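Respectively, the protein sequence lines represent chains A and B. First residue of the first sequence? That's 1 in the UniProt record's numbering, and the numbers climb one at a time after it. First residue of the second sequence? That's 1 in the UniProt record's numbering, and the numbers climb one at a time after it.
Quick caveat, the hints were computed from the structure, so don't treat them as lab data. As the structure is a computational prediction, the values presented were derived from the model and not from experiment. Careful: at least some of the hints might be erroneous.
Note that identical chains are pooled: a pair holds if it fits in a single copy or bridges any two copies.
Straight-line Cα separation of at most 16 Å, EDC-like style, residue types lysine to aspartate or glutamate; simulated pairs [claimed, not checked]: (1) Lys-210 x Asp-184; (2) Lys-51 x Glu-117; (3) Lys-191 x Glu-69.
Number of protein chains: 2
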Amino acid sequence: MIGLIRVFTTENPDILEQHGRIISEFYGVPVLSRCIPDQPLGIFDEESEAKALPKIIALGQSMEEEGCEVLVISCAADPAIDQLRKSVTIPVIGAGSAASLVALSYGQAVGVMGITEDAPAVLVQLLGSLIVGYNRPEGVTNTTDLLTETGRDKALAAAKALQEQGAQVILFACTGFSTIGLADVIRRELKVPVIDAVEAEGMFAANRYKQLRN
Amino acid sequence: MIGLIRVFTTENPDILEQHGRIISEFYGVPVLSRCIPDQPLGIFDEESEAKALPKIIALGQSMEEEGCEVLVISCAADPAIDQLRKSVTIPVIGAGSAASLVALSYGQAVGVMGITEDAPAVLVQLLGSLIVGYNRPEGVTNTTDLLTETGRDKALAAAKALQEQGAQVILFACTGFSTIGLADVIRRELKVPVIDAVEAEGMFAANRYKQLRN
Chain A
1 MIGLIRVFTT ENPDILEQHG RIISEFYGVP VLSRCIPDQP LGIFDEESEA
51 KALPKIIALG QSMEEEGCEV LVISCAADPA IDQLRKSVTI PVIGAGSAAS
101 LVALSYGQAV GVMGITEDAP AVLVQLLGSL IVGYNRPEGV TNTTDLLTET
151 GRDKALAAAK ALQEQGAQVI LFACTGFSTI GLADVIRREL KVPVIDAVEA
201 EGMFAANRYK QLRN
Chain B
1 MIGLIRVFTT ENPDILEQHG RIISEFYGVP VLSRCIPDQP LGIFDEESEA
51 KALPKIIALG QSMEEEGCEV LVISCAADPA IDQLRKSVTI PVIGAGSAAS
101 LVALSYGQAV GVMGITEDAP AVLVQLLGSL IVGYNRPEGV TNTTDLLTET
151 GRDKALAAAK ALQEQGAQVI LFACTGFSTI GLADVIRREL KVPVIDAVEA
201 EGMFAANRYK QLRN
């Protein structure tokens, strides 16, 4: 079983399983989704990140005990990934590193889209000079802002601007873009390949999971 | 279509298509295989590598012109990858970097197996301290040596030694291991995950190819 960690708190099973559902449908693998306790707003600054780290580690450890064979930290910032890798015996995949590694496999110029002020550190570290630009859709600080028609147009404009800067591929530095299905909109409208962070983490997780079944 | 470059010369279509066939069967994608001219022994030293580089670039360019949408250099040393990436507009995947990126996605200790004296530079560069050891099966300098029962036992012994050095995953730094189906033998006998270089390059290539079909 693939264990997927959401780094915020929700009681709503539909929201909890948003990423796991995408991965199950895309790759035909079972995913168990769990979230960290007592952080309904997730990680949004250094203090909230520091509070989340021990929770992510404890959750990952308990999911390994429950029988998970692969863990996924489903957040583009890869919070607690190094610490969790040291705390369990199974592989730990992060959304941010997974998306970056897919981009590295192609070796093409990458335009990064996110909702934070800057691209997550893990992306910059892995991709270095392959990144030709980072763009946050205008006025968007929350993925729900992208659900309106205006939001969708802003997202397309952001991707287009990155293409004009020389991006040969668009990379999502936010898993919230997956939830709203933005990759297919950009692929269809702009005919540009998109590396979706949830699809990327799912690809590596499913590959490892299937191998265990051979 | 995925274009796959073999970095040696063969007139035998069965041999030419060994890697492409694995990828087509594994991922359900079409692969066109081509080889470079006039180098039946492939790349085995600096001089033969220097001779091969312009041929790989010319072949990749002509395969793009023929309609390939993704290129794969199917050799664990990733020969000519940087130059070919600069010479075409489509993504170029290399067997060595692909396998390394899969290992990076897990973050686990890697034991590398190959038939050369040292691990290819691209692996060392990408994996750094994740590599716990490199091992060449005793007496093996050619993958056909592995086709005998003795060869198979030597390969298992090499993998086992890497596990004893702390490897949590075995990575093949030789595409010849794919041709003889060694990954499944090691997975079955030693219950250790194996990153097979042809499976890895195929995973990234198929992912990109399928995205273009959405």
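Okay, the hints, checked on the actual structure:
{"no.": "1", "hint": "Lys-210 x Asp-184", "in the structure": "between (26 Å within a copy, 12 Å between copies)"}
{"no.": "2", "hint": "Lys-51 x Glu-117", "in the structure": "neither (21 Å within a copy, 48 Å between copies)"}
{"no.": "3", "hint": "Lys-191 x Glu-69", "in the structure": "between (36 Å within a copy, 13 Å between copies)"}
Hint check: a violation occurs at hint 2 only; the rest are consistent with the structure.
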